[in-house]
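So the sequences go chain by chain: A and B. For what it's worth, our numbering labels the leading residue of the first sequence as 1, then goes sequentially. For what it's worth, our numbering labels the leading residue of the second sequence as 1, then goes sequentially.
Rather than coming from a laboratory, the hints here were simulated on the basis of the structure. It is possible that some hints are incorrect.
[Unchecked claim] Keeping only pairs whose Cα atoms sit at most 20 Å apart, straight-line, the calculated SDA-like set for lysine to any residue is: (1) B:K193 x A:D96; (2) A:K134 x B:T196; (3) B:K222 x B:S64.
[What the hints assert, rightly or not] Quick list of the computed label-pair ranges, beta carbon to beta carbon: (4) A:T43 x B:K193: 29 to 37 Å; (5) A:V266 x B:T302: 32 to 40 Å; (6) A:V139 x B:K193: 25 to 33 Å.
Note that CB positions come from ideal geometry on N, CA and C, so glycine has one too.
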Amino acid sequence: MTAVPTLSPAASTTTRPMVRAEQVRKSYGPLEVLQGIDLEIATGEVVCLIGPSGSGKSTFLRCVNHLETIDAGRLWVGDEIVGYRQRGTKLHELSDREVCRRRTDIGMVFQHFNLFPHMTVLQNLMLAPVTVLKEDKEVVRARALALLERVGLAAKADAYPRSLSGGQQQRVAIARALTMQPKLMLFDEPTSALDPELVGDVLAVMKDLAQSGMTMLVVTHEIGFARDVADRVAFFDGGRIVECGPAAQVVTDPRHERTREFLAAVR
Amino acid sequence: MSTLAEPLDVADVATQFTVVRRRHTGRWLAAVVVAVLGVVVAQNVLSNSRFGWDVVGQYISDASIIRGLGTTLFLTVVCMAIGTALAVLLAVMRLSSNPVVNGAAFVYVSFFRGTPVLVQLLFWFNLAALYPVISFGIPGVHLDANTLITPMLAAIMGLALNEAAYMSEIVRAGILSVEWGQSDAASALGLTKGQTMRRIVLPQAMRVIVPPTGNETIGMLKTTALVSVIAVPELLFSSQVIYARNYETIPLLIVASLWYLAVTAVLGVGQYYIERHFARGNRNLPPTPIQRLRTFARAITTRSTR
Ligand SMILES: Nc1ncnc2c1ncn2[C@@H]1O[C@H](COP(=O)(O)OP(=O)(O)OP(=O)(O)O)[C@@H](O)[C@H]1O
Ligand SMILES: [Mg+2]
Numbered sequence: 001m002t003a004v005p006t007l008s009p010a011a012s013t014t015t016r017p018m019v020r021a022e023q024v025r026k027s028y029g030p031l032e033v034l035q036g037i038d039l040e041i042a043t044g045e046v047v048c049l050i051g052p053s054g055s056g057k058s059t060f061l062r063c064v065n066h067l068e069t070i071d072a073g074r075l076w077v078g079d080e081i082v083g084y085r086q087r088g089t090k091l092h093e094l095s096d097r098e099v100c101r102r103r104t105d106i107g108m109v110f111q112h113f114n115l116f117p118h119m120t121v122l123q124n125l126m127l128a129p130v131t132v133l134k135e136d137k138e139v140v141r142a143r144a145l146a147l148l149e150r151v152g153l154a155a156k157a158d159a160y161p162r163s164l165s166g167g168q169q170q171r172v173a174i175a176r177a178l179t180m181q182p183k184l185m186l187f188d189e190p191t192s193a194l195d196p197e198l199v200g201d202v203l204a205v206m207k208d209l210a211q212s213g214m215t216m217l218v219v220t221h222e223i224g225f226a227r228d229v230a231d232r233v234a235f236f237d238g239g240r241i242v243e244c245g246p247a248a249q250v251v252t253d254p255r256h257e258r259t260r261e262f263l264a265a266v267r
Numbered sequence: 001m002s003t004l005a006e007p008l009d010v011a012d013v014a015t016q017f018t019v020v021r022r023r024h025t026g027r028w029l030a031a032v033v034v035a036v037l038g039v040v041v042a043q044n045v046l047s048n049s050r051f052g053w054d055v056v057g058q059y060i061s062d063a064s065i066i067r068g069l070g071t072t073l074f075l076t077v078v079c080m081a082i083g084t085a086l087a088v089l090l091a092v093m094r095l096s097s098n099p100v101v102n103g104a105a106f107v108y109v110s111f112f113r114g115t116p117v118l119v120q121l122l123f124w125f126n127l128a129a130l131y132p133v134i135s136f137g138i139p140g141v142h143l144d145a146n147t148l149i150t151p152m153l154a155a156i157m158g159l160a161l162n163e164a165a166y167m168s169e170i171v172r173a174g175i176l177s178v179e180w181g182q183s184d185a186a187s188a189l190g191l192t193k194g195q196t197m198r199r200i201v202l203p204q205a206m207r208v209i210v211p212p213t214g215n216e217t218i219g220m221l222k223t224t225a226l227v228s229v230i231a232v233p234e235l236l237f238s239s240q241v242i243y244a245r246n247y248e249t250i251p252l253l254i255v256a257s258l259w260y261l262a263v264t265a266v267l268g269v270g271q272y273y274i275e276r277h278f279a280r281g282n283r284n285l286p287p288t289p290i291q292r293l294r295t296f297a298r299a300i301t302t303r304s305t306r
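Sequences are here, hints too, so could you generate the full structure?
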């Protein structure tokens, strides 16, 4: 059974952060993958999550849009507790449909792109706004084409994903998430599956997005990107955030020995 | 020595030398042997008067044979349609994490795969012996099983329910062949489980589902012959009725076989194009035979005009 999160009275004061995690815990069987994560992400902020393999970065990201449920702790996105609806002093667990509805505010980009191979690029972009948000087709089409233009792939609207390079596919995946006009974007190692010469194009798109004011939570091994684009960097190790602070400081002058070792190893 | 080590310029090679193609002697030899055997068999079959080719010709388009063929096609289409729809339901149930739902589907599949379809057909046909009156638990509403379960209904139930068991395993394999990342991406975009299944998973699963479904359809076409035992007038039964009258057993069995062969061939072509449809989005689809023929024709005409 999922532990029901309690309400914090502080939650109702001041401006709400876009994401707030308090002591978030998550286990797979006997393995506790998240061992009490505390993290706040303000609206418009870009936060990079770095850390060794298996430290729980992807799991945390998946908890934020409820692809995984948390076992304990509290997790807010915007005004709402992930997975629950507040009615007075009671928290009601959301139905599947409501969970889906909430996800429409959160875009997610995966390591392996996960484009739908049986649909053209344009169909990939238009699917969710039309079927989930029930938006007008022509309105969505115009928005999708504009987004393809923005990621430099206007010419590929009618191509099938498998005919594109990895870098192009990932840019389409970003455009697909943006077509939903999300308030928050999650990236899970968006450049890890790419050939080195294709990484730059994808990072450029992400940088452009960050500068446009999008709130972003990015799991990445691109330390240079974290330093230059992120506002803050959080270092994960063994299911905990060992260190979190301004990007330049964490990357160039880490306080913790573990962070220093990790950064030395990935450079 | 030094000239040998120099790399050959390909363009140069083409202008300097005449290219001698490989001869493929073995391939030619095999082709000749097969052709000779074919001629011998054809000669034998056509000249043996007991095959009764004239009788075959006389009955091939006989009205009752054509009606039988119609029934066979009807049974094939209806049973495949019901079987496939039920199979999708069973496959989704099998993949459910609810043990009761999952278990029910498992028991269904085990039961219908574990007993011969001929036995199942006879069971449905004789259902009236088991439940002479079919009531719905509502007083006053009941049906006489003997009039309700016609041979045709027994045939449809027997074949479709059995087919669902086999098809469900094919559908399940298809669903499992689609990467998890696809469902993740669909969920992240806010699609519900049902939408994800319909729009994302099943269309991709089709690539795995269609080829064995083609085989199942062809198998079903032939399995419909079994329902002749419960006197449904399909293709085989219609032939049997005729040869019971005129004793031309072999010619009428040939008539039935030719029709089965013809329909199977048509189904094969249909399957080819359906497979191509669901393979869209893949690189390098090979051209269809018709496209190849066109290219060939174009090549010949351009060559002859030159
Ligand atoms: N569905 C699952 N079932 C069981 N264990 C899981 C599952 N998903 C993740 N894990 C385990 O949880 C741990 C954390 O995984 P996670 O994917 O969050 O790590 P990560 O920090 O993203 O690592 P990487 O950099 O390799 O992507 C790993 O040990 C992993 O094996
Ligand atoms: Mg990961």
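Quick rundown of the hints versus the structure:
Restraint check for K193 (chain B) and D96 (chain A): the C-alpha separation of about 8 Å stays at or below 20 Å, so the hint holds. At roughly 16 Å between alpha-carbon atoms, K134 (chain A) and T196 (chain B) fall within 20 Å of each other, so this suggested pair holds. Proximity of K222 (chain B) to S64 (chain B) is assessed by CA-CA distance (about 18 Å); at most 20 Å being required, the pair is judged to hold. Between T43 (chain A) and K193 (chain B) the C-beta distance comes to about 31 Å, which sits within the given range of 29 to 37 Å.
At about 59 Å, the CB distance of V266 (chain A) to T302 (chain B) disagrees with the hint of 32 to 40 Å. Under the hint 25 to 33 Å, the C-beta atoms of V139 (chain A) and K193 (chain B), about 27 Å apart, fit the expected range.
Of the numbered hints listed earlier, the single one contradicted by the structure is hint 5.
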